[in-house]
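> In full-length UniProt numbering, the protein residues as written are 1 to 751.
Among these hints, one or two may not hold up.
Claimed, not checked - The list that follows gives simulated cross-link-like pairs (lysine to any residue, SDA-like), each with its CA atoms no further than 25 Å apart:
#, residue 1, residue 2
1, Lys68, Thr127
2, Lys455, Gln14
3, Lys131, Asn566
4, Lys68, Val486
5, Lys131, Leu58
6, Lys454, Phe32
7, Lys455, Ala61
8, Lys16, Lys131
9, Lys455, Phe77
10, Lys16, Leu34
11, Lys324, Lys68
12, Lys455, Arg79
13, Lys615, Val570
14, Lys454, Gln73
15, Lys455, Asn515
16, Lys16, Arg79
17, Lys454, Val486
18, Lys68, Ala485
19, Lys16, Met59
20, Lys16, Asn170
21, Lys69, Thr120
22, Lys455, Gly717
23, Lys455, Phe32
24, Lys680, Gly717
25, Lys69, Glu610
26, Lys615, Pro664
Stated by the list, open to error - Label-pair ranges, simulated between beta-carbon atoms:
#, residue 1, residue 2, range
27, Gly168, Glu691, 48 to 56 Å
28, Ser609, Gly160, 49 to 57 Å
29, Val383, Ala695, 46 to 54 Å
30, Ser132, Val36, 21 to 29 Å
31, Val351, Val273, 35 to 43 Å
32, Ala485, Ala620, 45 to 53 Å
33, Asp451, Val383, 43 to 51 Å
34, Ala620, Asp701, 36 to 44 Å
35, Arg62, Asp450, 49 to 57 Å
It is worth saying that the hints were derived from the structure and are not from the lab. Predicted, not measured: the structure shown is a model, and the values here were computed from it. C-beta atoms are modelled at their ideal positions from N, C-alpha and C, and glycine is treated no differently.
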Amino acid sequence: MARTASSPDSILSQQKTKTILVAVFVFLLPWFFLPVAFEAYETAKVYLSAFLVGALALMCARQFWQDKKLTLQRTPFDRAILLFVAVYLFATLFSIHTATSAWGYYSRLSEGLVGLLIFTALYYVVTHNLKSIRDVLTVVRSWVLSVSVLAVFIILQYFGLLTWLWEGLNRAGGIISYSGRFTPVGSSSSLLGVFLVALPLAVALLYFGKRSKNDPFKVLVVIGAVLITLAAAITAARMGLSFVPVLTIGVLFGLLLLRFRSKIGNNVFHVAVVIVFALIFTFIFLLPGVHERLGLPSIPVEMHAGIRASWDVASRSITGNGAKGLLLGSGPDTFFYDYTASLPVEYNNTVNWHQRYANAGSEILDILQGTGVLGLAALLFLVYVVIRVAGRELALFERKTATGTTVLVPVVSSILVSLVLMFVSPFTAINWIMLFMLLALLTVSIYDRDDKQKKAAQVVLTSQSGTSKLDGNSILPRIAAALIAVLLLTGTYILGRQFAADLMLRNSLTSLQLNDIQTAYTEAQNAVSLAPDKPYIQRNLALISTRFAQILASSQPQTQEELERNMSFVDSLVRQAVFGIQTAVVQNRADVESHESAANIYASMFTLSEGKLYKAETLAALRNSIAVDPYNPDHFINLGLFLYRNEQVEEAEVSFRNAHRLRPDYANSVLALGSLLEEKDNLEEARVFYEQVLALDSVGDETALGMEVRRRLETLGENTLFVNEEPLEVEGENSEAEDNTQSTDQAQPAE
């Protein structure tokens, strides 16, 4: 007899497929990135999540269609998660830039509304499709194996044993520039989260081996856990964390183990080994100077937005925009825009004053800035519900009032670790995915322990009534199945266009690096045709069009016909550049990069037209840059240079003095103002000015600026303000920094 779709063997086979699919997902998650796309890490992991959601949702739709009933599973976290999503939705609608809040900064998805919807769907499809603790254990084993291999990768990288790999990949012409800082999850904050969340899960596997202390499986688990602790310590040092927050997380996990020590049984030795090595590695790598004294390789610290700076930006975001800002913030993933507009002037005196960050120093402050008091309250409500549910289940587990699931304690520990990390680091896609996946595993573990609770939480919808109609047609479940298919097709189309646009953008940037301007221009046009609503894509086309026009205008054609053809194309490129940058500015007036790019483009057009066109537009763009980013001395220097080129010397001096006031020891502002004073023959004032600069604590005799100022004092009156005829360039050392600077030298849209 042939098997039917509803036969036990078929159901078992489907369940195995679902479990394997989730297990493969968690194995790939730390490793999956797409060097062919613009955002290699964030969007790649969200796309991977969307694929899993789609695959499991299709399986659910097939089941609804075959069973002729719609079965929905309520969970303990429904209200908290849906409230959080609702606040995100309203914050997106009232955002300072709705497209950014929907799709994320540079469409990276992870912090935007679309990403949150995908993560929420991930929670529900995993909860709906995993059925037992056996499924949970399969997923946990795959997760721990993947992170253990990743730990080996990071350790080898730290000791310089992968140099041959980076050299080979770079010789192969990869789009990403691989180096000793590369990690497949991007920043170190993401990497630390991966290790710390996986560690309790690794310990969980000790409970499910044989009782023998020398069980090979347990030995391998202990080795994996020790490697994870070593890699976590190295990563925490690279983040610049002190041992206090990491030790706090360890103590939290240790207290849980102590609380349930009677459940450890014969695994005390294995757990003790892991804890001892964790403490050793923590003190070696996180106590200042210890690993240097031991002769271990140095660990460069990544730059990141400090907690104090993040708090200043978040507080100004919710207090400076009225009731809307207080309740809903500036919009999800808009930290970059508020950072440039809200950072106090005193931060110009810090080491990393020129950096701009797209994420706060902690996820809590990021959510406060982006979604206001309501978003923070919704998040804290979710945290409260998680702790309440976890506490209740752990109490039942301890009292043995119901069948216990030993994996419950480590899963809860991992969730708590993930929540603690919110206070000390920003979240990226992988952090959110891990949190929602852990919540799903916790829910499945709870329902496996208490089948009655699971059945009580089920909602079964069907258009049939009575058992006599079980073989009849059921409209409602089939409508639901068809609706799922339509939604998946629509989502695939939208995400596919977005990915294709980012792919074209990446190709454009790569061609630009290879000096293939024609291909760069064509790919930029293709990207705009696919995603005309993305300001950064419009801006990229405008900048490439400008550069293309400059190349053609400076070329030496052989014939008159070629000259006329070039001039016609230059005129077309100029119109394209102006239209593109105007579109980018209109689409997002809060983005300082668009205003900076507009100033660059208009200044280039001003030069191409030999000073006849775009003077007013250039001045307006320069002043708009100041309005959006008021404490950046580079904007005042650029404005002063343009004014000087147009013989507005007095106005240029005012602008240079403003730049110097914002950062007195900044080489560009010092040299610009000093040179202008010399050209005006204000030699005595120039002398006093240079001497004041030398008196600054940050300008020593051995610094480059100190030596240059001393040379100028010796040649006072001979120094001039040199202004070349190249397009005006923004002087900042780095116009964009991700949450913690990315671990590869990814090309950004041409600026």
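> Going back to the hint list, which numbers does this structure go against?
3, 6, 10, 11, 15, 16, 17, 20, 22, 23, 25, 26, 30, 33, 35
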